[in-house]
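Enquirer: Please take these sequences and the hints and turn them into a complete structure.
If you read the sequences in order, they're chains A and B. For reference, each letter of the first sequence is one residue, going 1 to 332 in UniProt numbering. For reference, each letter of the second sequence is one residue, going 1 to 332 in UniProt numbering.
Each statement offered as a hint is correct.
Remember, identical chains collapse to one label, so a pair may be satisfied in a single copy or spanning two.
As a list, the in silico DSS-like pairs of lysine-lysine whose alpha-carbon atoms are at most 30 angstroms apart: (1) K227 x K201; (2) K283 x K28; (3) K227 x K21; (4) K21 x K316; (5) K229 x K201; (6) K21 x K91; (7) K286 x K21; (8) K2 x K229; (9) K283 x K2; (10) K282 x K21; (11) K2 x K201; (12) K249 x K21; (13) K2 x K227.
Since the hints were made in silico from the structure, they are not lab data.
Take a look at the letters that make up each chain.
Protein chains: 2
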Amino acid sequence: MKKLINEVEKVVEESLQGLAKAHPDLVKLHPSVRAVLRVDSPKEKVAVISGGGSGHEPMHTGFVGFGMLDAACPGEIFTSPTPDQMYEAAKAVNGGKGVLYIVKNYSGDIMNFQMAADMLAGEGIPVEQVIINDDVAVEDSLYTAGRRGVGGTVLAEKIVGAKAEEGASLEEVKKLCERVNANVRSMGMALTSCTVPAAGKPTFELGPDEMEIGIGIHGEPGRQRMKVKTAREIVEMLATTVVEDLPFKAGDEVLAFVNGMGGTPLSELYIVYNDLSDFLEKKGIKIVRNLVGNYITSLEMQGCSITLLRLDEEMKRLWDAPVCTPGLRWGM
Amino acid sequence: MKKLINEVEKVVEESLQGLAKAHPDLVKLHPSVRAVLRVDSPKEKVAVISGGGSGHEPMHTGFVGFGMLDAACPGEIFTSPTPDQMYEAAKAVNGGKGVLYIVKNYSGDIMNFQMAADMLAGEGIPVEQVIINDDVAVEDSLYTAGRRGVGGTVLAEKIVGAKAEEGASLEEVKKLCERVNANVRSMGMALTSCTVPAAGKPTFELGPDEMEIGIGIHGEPGRQRMKVKTAREIVEMLATTVVEDLPFKAGDEVLAFVNGMGGTPLSELYIVYNDLSDFLEKKGIKIVRNLVGNYITSLEMQGCSITLLRLDEEMKRLWDAPVCTPGLRWGM
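Expert: Here you go:
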């Protein structure tokens, strides 16, 4: 295993320290639990909080800041954070208008966010949860009952974060998050595996001419292992499944998100975007916003995922709204 | 070779098409030569242009836009662009105040930018060139007489682009670029090689427990091949060489740039930043600005480089100035 790390046990801790040192104007670390907090919290707004296993950076810790998350709770790599992290993070950033937990659909995350929500509710703090389950690849998988939460989470955090920033109520923010989840679909693929530092060896093995379609962001099995195909064929497979699922229809306005798994060059992601753009144009689906880059990753895995979100006018406005986080920034 | 591509011969072309489709508000493709142009050029300002082999994305094509480059000329992967690309790009974006070519020190780039500059000068178009040679790893190498141009190029393009945006003269912009180059030093390392699509096999071989210190951005040999060390030890090796070269001294205010080679997780780059921050603090060198991420890459190579730029007040102001490009964006 070759990685830019010191001790295996300190990978997450030292990475968070680096994040906080690089962006002291945006984020700070919670003094007692592992959580990244917005530096100017608590504010008089709904506190939007997410979290999950580490190894998917910049998600979620890199999305803390103006117009997105108020706090992120990172677990060990590919391991759920604990309820006390989620509870303490919420206590630290709650500005009095309540807390929304955005939870990716993994069993550990669901259970622990539920416990934290129960603790908050027990103290009379208004709390809601929205579960993101946008991955059309498989029903049920290694860590999940139902569909997994993947790229749609990034879009939900941006759009919902902007709504909270405007001063919307907890009910409004929750409803919007549910609407984003209802209109977003994703599917991913991998050319290579990744190596969790504590494991020291690749999570799975892929032959030198093989790829896995429908891969999960922890390397959990997808739909099918097959010989490597061209970018255009891969896009066709992923995008067809995504489009048919919602389904997206001619005339729909979408945000097209081409996400890198961490180890794929940006130049290849733009080739994928080029092919996706052609694919959607033939179907009459209009890309009116896009995002191309490494936003929800699986360590150094090579591969990509495609996410489509059907936009309405409010989502468009909120997507365009200013955001200032270590991982996503525009308008300020 | 497993990559998200279609035909090997069309990798650069299709990637540029994707870039242009994703960012039509920022960039457009030149109609006849391979060049990425700012969508609102020509403007009444000095045109700042760079270029070089592809495979280092987002540099340079991702840095075209407000406050940075007016045009970028991408060659084939790891291959210099041609003089006609540089000449036509300059003709397309020259707003009448002249052209600055920012050139990384590689023999092919130097020769071709010189030819393009001669062609422009022959037409009476004011043109200057600044050669970036910030890599302290080696004197002379596979493609270079003298030191190579690496991470400092990204910082020069941002700072010089901001100066040009303010309406500065060609002479002022050139002098600033020379000042940036005089105050910036870099060094990189690799944990893995990368595979040029047209070659189909890794550029070099590294053993499963080996790394290369002082690597070039095309995989050219560095200073030393050795057993993998911890991030802290790697930072100490790279940063000591960088600091002693200028030299950077106690009390200096610097921009610290931790760059990923393309295949390294962001979380590891933050570990490197954490160690670099500690290292510089012990030396009394103050980080007052920073940049952490994949900005000058070598396809899917795993590894990082460290760049330090000694800042003065003007450079700080220009670094903070708004920038809006596909690859770097803030303040707007």
